[in-house]
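*Asks:* Each chain, letter by letter, is given below.
Number of protein chains: 2
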Amino acid sequence: MDISQEPVLIIRRPLHEEATDRLRDLIVQGRLVAGSRLNERLLTAQLGVSRTPLREAFKVLATEGLVELLPNRGAIVSQLDATRLSETLAVMGALDALAGELACANATDAQINEIRALHYEMLAYHARGDLAGYFKFNQAIHLKIVKYAGNAVLYNTYRQLNGAMQRARYMANLSQERWDTAVREHDEILAALSSRDVKRIRALLADHLAHKLASALAALPARQAA
Amino acid sequence: MDISQEPVLIIRRPLHEEATDRLRDLIVQGRLVAGSRLNERLLTAQLGVSRTPLREAFKVLATEGLVELLPNRGAIVSQLDATRLSETLAVMGALDALAGELACANATDAQINEIRALHYEMLAYHARGDLAGYFKFNQAIHLKIVKYAGNAVLYNTYRQLNGAMQRARYMANLSQERWDTAVREHDEILAALSSRDVKRIRALLADHLAHKLASALAALPARQAA
DNA sequence: AATTTATATTTTGCATGCAATATTAGGAGA
DNA sequence: TCTCCTAATATTGCATGCAAAATATAAATT
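Chains P and D supply the protein sequences, listed in that same order.
Here my numbering is used: the first residue of the first sequence is 14, the next is one more, and so on.
Here my numbering is used: the first residue of the second sequence is 14, the next is one more, and so on.
Hints listed in this document are in silico derivations from the structure and should not be mistaken for laboratory results.
Just to be clear, a hint being listed does not mean it is correct.
[As the list claims (entries may be wrong)] A partial selection of chain P residues facing chain D, derived with a Cβ cut-off under 7 Å: (1) 104; (2) 164; (3) 166.
Everything numeric in this text was worked out from a predicted model, so none of it was measured.
A virtual CB, placed ideally from N, CA and C, is assigned to each residue, including glycine.
Please model the complete structure; the sequences and the hints are all you need to start from.
*Replies:* This is how it looks when you write it as structure tokens:
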């Protein structure tokens with residue numbers, strides 16, 4: 014029997030992957046607060062998986078830097094302090110610059126247009142003052158640039174660091190001024206990418222990230238006080 | 014009773030860490046060949062641990078990119094092909110450049126002297142024609158530069174990528190000419206670091222890594238044929 | 001009341017067991 | 001001999017059990 018026409022392919026992802034993703038989301042969204050303990054019994058009940066895949070997820074998230082394992086004393090959500098934040102953004106800046114350079118060289122016109130489309134969608138959210146929607150597309154644009162650089166290792170590395178930074182995004186509370194500036198910067202980045210101006214995109218991305226760092230750092234103490 | 018004077022602190026590392034490190038070594042040293050399957054039963058016997066910590070190690074090494082998990086079909090040692098090699102080195106190049114820059118700014122004189130000491134030890138191995146010893150100190154120097162950059166996230170990221178590349182080091186079979194050039198490059202890197210010449214060290218590290226890539230790529234097909 | 005000591009409870013680390021899936025071996029038919 | 005099918009075997013994914021460690025609770029001492 015030929016079942017190749019079957020429309021829906023049922024894929025069962027391994028439970029440890031599912032658990033890893035769910036936990037990562039919980040941490041990134043701040044629903045598992047930095048410093049809090051990850052109780053195995055509780056989480057197994059909450060996620061509906063047994064301890065084995067859950068503990069595997071802990072190990073993965075630990076290598077990703079999102080949680081810390083204390084031998085015999087469980088796992089805690091790792092702190093995202095100012096030091097860590099600025100260190101991570103510095104690294105991402107270097108990767109971003111490389112990605113921009115490679116994207117200028119390697120991205121197809123269609124891919125650049127895809128980024129342009131995302132850019133306009135982002136502008137729409139900005140116009141409406143919808144910060145969450147803006148962040149989503151902002152995020153997507155940066156990831157696409159890195160993706161279209163055509164270096165899988167770069168993409169993975171960037172994604173991992175970016176994942177940890179998402180927590181900061183959820184904290185950030187942009188001033189209208191900073192927000193407008195960021196949008197202008199994105200305009201320029203897109204222009205540089207379109208004209209495949211390597212030098213310019215490097216500089217723009219570096220600036221953009223430095224600004225991002227500044228505003229993230231500004232938002233951090235507020236959150237930590239809360 | 015004050016036991017703070019006790020000389021030997023007995024630390025029992027978790028088995029999954031031990032297993033992870035052991036497996037990583039086996040892969041890096043090429044004793045577990047790329048593409049080969051990681052049989053759980055076999056490895057538990059070999060490492061003397063049960064399946065649980067072993068499987069946790071698999072997950073960690075998978076996120077590090079050293080192994081690949083095939084659902085329901087176990088884990089295999091991930092391939093280190095030319096694409097992956099050059100992609101990784103490109104990323105490491107960007108990180109290296111950043112590290113050099115930061116090290117110029119942040120490293121203490123004592124730290125630079127520590128690097129200088131390693132440099133001379135490396136020269137000794139070069140003079141004797143001891144490739145393994147040379148690699149060891151070469152490695153150590155680059156890691157120290159990244160470490161003394163004073164950015165922990167950068168250090169971790171670099172270390173992870175570097176770990177995966179160690180496999181290539183074991184394959185590499187430097188020509189005397191390339192070897193001599195590499196040593197000269199190291200001389201210059203050290204000089205730039207000592208004079209804290211940011212621009213120069215960026216350029217030097219970029220060049221150095223490009224050369225490294227070329228020689229690694231040259232060595233790769235030979236190994237794959239064998 | 002505060003500090004210490006002893007005991008009970010919880011939690012973790014790891015090993016093992018069981019069902020589901022994949023692999024291998026064997027044999028029937030072409 | 002080769003291909004296909006079937007049964008046996010091995011391997012994986014996950015849940016659970018048990019001992020060791022840590023934490024919480026209670027009692028005892030100062």
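*Asks:* Does each hint fit the structure? Answer for all of them.
*Replies:* Structure-based check of all given hints:
no.: 1; hint: 104; result: holds (5 Å)
no.: 2; hint: 164; result: holds (5 Å)
no.: 3; hint: 166; result: holds (4 Å)
Hint compliance for this structure: every hint is met.
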